[in-house]
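J.: Sequence:
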Amino acid sequence: MNDDPLLARLAGLAVEPPDGLLDRIAARWIAVPSPIGELSVAWTARGVAYVHQGDGFSGAFRARFGRPLMPATRPPAGLVPALRTGRLSGLALDLEELGEFQRDVLRAVQAVPRGEVRPYAWIAARAGRPGAVRAVGTALARNPVPLLVPCHRVTRSDGALGEYVFGPAAKQRLLLAEGVDLGRLDGLAKERVFYLASDTTGVVCFPTCHNARRITPAHRHGFRTLGAARTAGYRPCRTCRPDLQAA
DNA sequence: AGGAGGGCTTCTA
DNA sequence: GTAGAAGCCCTCC
1 MNDDPLLARL AGLAVEPPDG LLDRIAARWI AVPSPIGELS VAWTARGVAY VHQGDGFSGA
61 FRARFGRPLM PATRPPAGLV PALRTGRLSG LALDLEELGE FQRDVLRAVQ AVPRGEVRPY
121 AWIAARAGRP GAVRAVGTAL ARNPVPLLVP CHRVTRSDGA LGEYVFGPAA KQRLLLAEGV
181 DLGRLDGLAK ERVFYLASDT TGVVCFPTCH NARRITPAHR HGFRTLGAAR TAGYRPCRTC
241 RPDLQAA
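Counting from 1, one number per residue, gives the positions in the first sequence under the UniProt record's numbering.
In case anyone wonders, no lab produced these hints; they're calculated from the structure. Just so it is clear, the structure is predicted and the values come from calculations on it, not from any experiment. Watch out, some of these pointers could steer you wrong.
Listed next, with one range per pair, are the computed distances between beta-carbon atoms [claimed, not checked]:
#1 G59 / G167: 13 to 23 Å
#2 A26 / T138: 26 to 36 Å
#3 G202 / R46: 44 to 54 Å
#4 G202 / G37: 38 to 48 Å
#5 S58 / G37: 12 to 22 Å
#6 P68 / G187: 48 to 58 Å
#7 P68 / A232: 56 to 66 Å
Idealized CB from N, CA, C, for every residue including glycine.
With the sequences and hints as input, model every part of the structure.
T.: Laid out in structure tokens, this is it:
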């Protein structure tokens, strides 16, 4: 037997690496509640890296990140509120694994406020690739951190909600939970109205822009295209920037 | 290495 | 209304 304390600690190190090292190599994970049910969330020292719904979490994580996963006893500070509200408020994300295009797209998506929606084409323009509309869809399909990067707020230009990583039903539930009036949006889309203008301010907005929601009915005018609104003398809202996606 | 094909779209006929 | 192709990025072969 050897009771030298130094040797005993060295032996311990051989079996179990110190916490700091392990945390740099491995990711932690935990199951947390969300508006669409329980989610599995993984994070590294840099921030939250992966949000997953349903079965196959650890397999999907390994396939994607190729690093070990260890259970945690509590979520990172602010994670649960961020999932509930769709606002990060300081919560860090680890998006290191992603390509530049995908990071640009996710950054553009962060600009869509809670309770509002924007078209895929708007995201493409904001990401600096106005023609990459289809590729934006692909990038969002691979969004590793849904809810935290609110890709559920990106909808089709024709008014349909479009697809979603966790399925269209989850997209709908999330938007309703944020207070988006989907019935009204649908009504507008049926009339081919995708922009709302106010003749008191002379400004034209996306229908879910908080500025558009305050237009009184008597002063509200709907337009199918931004060009039509401009011809009628309206200028694009500086908050929701409908001019970003189309000429 | 390089091309084909696919994906949360969108525009056109 | 809907089918088809354009279009861009990524993955895989």
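J.: Determine for every hint whether it applies to the structure shown.
T.: Here is how each hint holds up against the structure:
In this structure the hint that G59 and G167 lie 13 to 23 Å apart at CB holds, the actual value being about 19 Å. At about 29 Å, the CB distance of A26 to T138 agrees with the hint of 26 to 36 Å. Checked against the hint of 44 to 54 Å, the pair G202 and R46 passes, with Cβ atoms roughly 45 Å apart. Here the CB-CB span from G202 to G37 is close to 45 Å, well matched to the stated 38 to 48 Å.
Separated by about 18 Å at the C-beta atoms, S58 and G37 satisfy the suggested range of 12 to 22 Å. Taken as a hint, the range 48 to 58 Å holds for the pair P68 and G187, whose Cβ atoms sit roughly 51 Å apart. Separation of P68 from A232 is about 60 Å and conforms to the stated range, judged on CB atoms against 56 to 66 Å.
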